[in-house]
Amino acid sequence: MAVLSMVEAIRSTLEAELRTDDRVIVLGEDVGKSGGVFRATDGLQATFGAERVVDTPVSEAAIVGAAMGLAAAGMRPVAELQFLGFAYQAYHQIAGQLGRMRSRSNGRFGAEVTVRAPYGGGVRAPELHCDAFESALAHCPGLKVVAPATAADAKGLLTTAMRDDDPVVYLEPLRGYRLVRDEVPEGDHLVPFGQARTARPGEHVTVLAWSGLVQVVEEAADLAAADGISVEVLDLRTLVPLDIDGIAESVSRTGRAVVVQEAPLTAGFASEVVATIQEEVFLSLEAPVLRVSGFDTPIPMPQLEDEYIPDVRRILAAIRRTVEY
Amino acid sequence: MSTGQHRAPAGKNASPELRRVLDPAGSLVAEPPDVAEGDLVGMLRLMMLGRRIDQKAISLQRRGKLGTYAPLSGQEAASVGSVYAIDKGVDWVFPQYREQLAMLHMGLPLSTDLLQRMGHPAGSEIPVGVNLYPQQVALAAHLPHAVGMAWGLRLRRLAAVVVAYFGDGASSEGDFHESCNLAGVLKAPVVFVCQNNGWAISTPWRIQSAAESIAVRGAGYGMPGVRVDGNDVLAMYAATGEARLRALDGGGPTLLEAVTTRFGAHTTADDPSRYVVAEEVAAQRGLDPIERFRTYLRSIDRWDDEADALAVKWCDEEIERAVEEFDTTRPPDPAAFFDNVFVGEPKRLERQRAEFRAERAGR
Chain A
34 MAVLSMVEAI RSTLEAELRT DDRVIVLGED VGKSGGVFRA TDGLQATFGA ERVVDTPVSE
94 AAIVGAAMGL AAAGMRPVAE LQFLGFAYQA YHQIAGQLGR MRSRSNGRFG AEVTVRAPYG
154 GGVRAPELHC DAFESALAHC PGLKVVAPAT AADAKGLLTT AMRDDDPVVY LEPLRGYRLV
214 RDEVPEGDHL VPFGQARTAR PGEHVTVLAW SGLVQVVEEA ADLAAADGIS VEVLDLRTLV
274 PLDIDGIAES VSRTGRAVVV QEAPLTAGFA SEVVATIQEE VFLSLEAPVL RVSGFDTPIP
334 MPQLEDEYIP DVRRILAAIR RTVEY
Chain B
3 MSTGQHRAPA GKNASPELRR VLDPAGSLVA EPPDVAEGDL VGMLRLMMLG RRIDQKAISL
63 QRRGKLGTYA PLSGQEAASV GSVYAIDKGV DWVFPQYREQ LAMLHMGLPL STDLLQRMGH
123 PAGSEIPVGV NLYPQQVALA AHLPHAVGMA WGLRLRRLAA VVVAYFGDGA SSEGDFHESC
183 NLAGVLKAPV VFVCQNNGWA ISTPWRIQSA AESIAVRGAG YGMPGVRVDG NDVLAMYAAT
243 GEARLRALDG GGPTLLEAVT TRFGAHTTAD DPSRYVVAEE VAAQRGLDPI ERFRTYLRSI
303 DRWDDEADAL AVKWCDEEIE RAVEEFDTTR PPDPAAFFDN VFVGEPKRLE RQRAEFRAER
363 AGR
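Chains as they are written, first to last, in the working numbering: chain A, 34 to 358; chain B, 3 to 365.
Rather than coming from a laboratory, the hints here were simulated on the basis of the structure. There may be inaccurate statements among the hints.
In silico contact screen, one side only, chain B against chain A (beta carbon under 8 Å); selected entries [said to hold, decoys possible]:
(1) I128
(2) G150
(3) L157
(4) R159
The beta carbon of each residue, even a glycine, is placed where N, CA and C say it ideally should be.
For reference, chain A alone in the conformation it holds in the complex (with noise of 0.2 Å):
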């Protein structure tokens, strides 16, 4: 096993599905060339040719609708789409025509068709950049929804991705890009969707978490540790298709959870996963469900992001309160 950052990860995993599967073809903006803004396309072109990794004109709208035609042509496209705040100019594609192609043609057309962005905020990128809007993906029937925050989990959930039937939005932690590193399985490494990771086992308190917050969890799981709490933490890993076993389990046992997520609180994917834990297991329940969460306001500029997104202090908090009672 090799030790990688999730953006080598999530390329490593590109270029081996582009081996091994002549009908993937990446495209993008500036992911040819210049081998994509954060590299995850890096030196994608110059071995498979500017025929299977293409640059594009900006056009989110048209590089998701032209990534379905490609898989109705029976092609097995990854689209990516420069930063997850882009991806409202693509959004009626990606709403409206994305998840409900297999539904509106009765199965005759699928759309096998990965979209990846860059997600959520944390690398001071200029405003309009930086946005977490998995709850308005997640509420797209016929999606799947993917948010990694392992450099492994990066690689085994994008190969299950490419090779699944269903299109996926698979959103990539951009605060975690190069940060996040750890030991990727290699070969062929596929992690199922729908089935949610034990961070780390505890007893106390679960706290749920996905994407480039889970390691900020962990920290505070950390401190919570040393006044004697004991934190499990669930990483979702798949929104879409969601783990309720995997989380009724976890809080069965603890009791008690945390949702954190980055993205605005109100109707945020952690009010879903608060509902979820409360029709599974309420009889378990020890106290109230908190979330921790960015704020009803626009993701602010870079300047003031780390007020906004939750950090270790606010989740430690949370996490007291949950405990205490």
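Model the placement of chain B on the given structure of chain A, informed by the hints.
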């Protein structure tokens, strides 16, 4: 290295001339395209079928048997001339929703089209082997898909083109612009056929766009813009055929504007008397694409009263058979909407389906 953005101006920003083979009276004004004899007759019969489908569908809608229906009368030639110019064995059609005749020609059963318009899930069934994409109700949203399909066909080394239909209203959507732009860059083998009937529900072309025409926009995407009399089935056939050959030769996409007329309402939910004056409607009737083509075929001895009577009989039988199938189609399984959402269905959705079925069984 030059970015290519400082190109020499292409000259006056004027629309291309309206291309015609037949004048509105049905007389030849240009060399006719080479059309197989059976296809000449087939095109007229399909156009006649379209007019009669409209009458039947509107009557079914009035009796509450059909949902909202978008009539095609007046636009028969635009669909039929273009779709007859392609090879339905290899080429693809990506329709908006007023191209029933192109869809039927590609192989969609008429009963399926009626079921679609009554909101039955079976109406979404495009038979395997029919190179037809689902009709698109969100304007222009299928155009990027059409470009992707054309791109994919080329990647698979198939000599085939995609014909994508839309209307003048759709040409104001961002998806139209993005699709033309991408197709131009990729030189994708796609023919964009805009049925410009002058109306987007109640909005006339002059307030839809300040451009002189749709065809003139082709230059902005690096592709030829062709302006065709869309009520002249032979001109549509010729222009589409040329665009197809150019696409197959690697010459890239074409923006083909079919200038046509919507005889009736936008849909059965629309009342055009609120925005169209009666004289305009009467003037449009004078542009009837069916009369024009029939007059021409008579003049070259390819049509007579007997052919006409046979065609009417064929139309009636086709419609009768389709309506019978439509009438005898069983109501859908109430849980049918759970089907085909996912291949790998999330457990949560499986549960919802089971709960839905149980709740329904207990009613």
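*asked:* The hint names I128 of chain B as touching chain A; please verify it with the least Cβ-Cβ distance against 8 Å.
replied: 5 Å, holds
*asked:* Does R159 of chain B hold up as a contact with chain A if the rule is Cβ-Cβ below 8 Å?
replied: 11 Å, violated
*Classify the hint on L157 of chain B as holds or violated, based on whether any CB of chain A lies nearer than 8 Å to its CB.*
6 Å, holds
*May I ask you to test the interface hint for G150 of chain B with respect to chain A, counting a Cβ-Cβ separation under 8 Å as satisfied?*
2 Å, holds
In this structure, only the earlier hint numbered 4 is contradicted, and the remaining ones agree with it.
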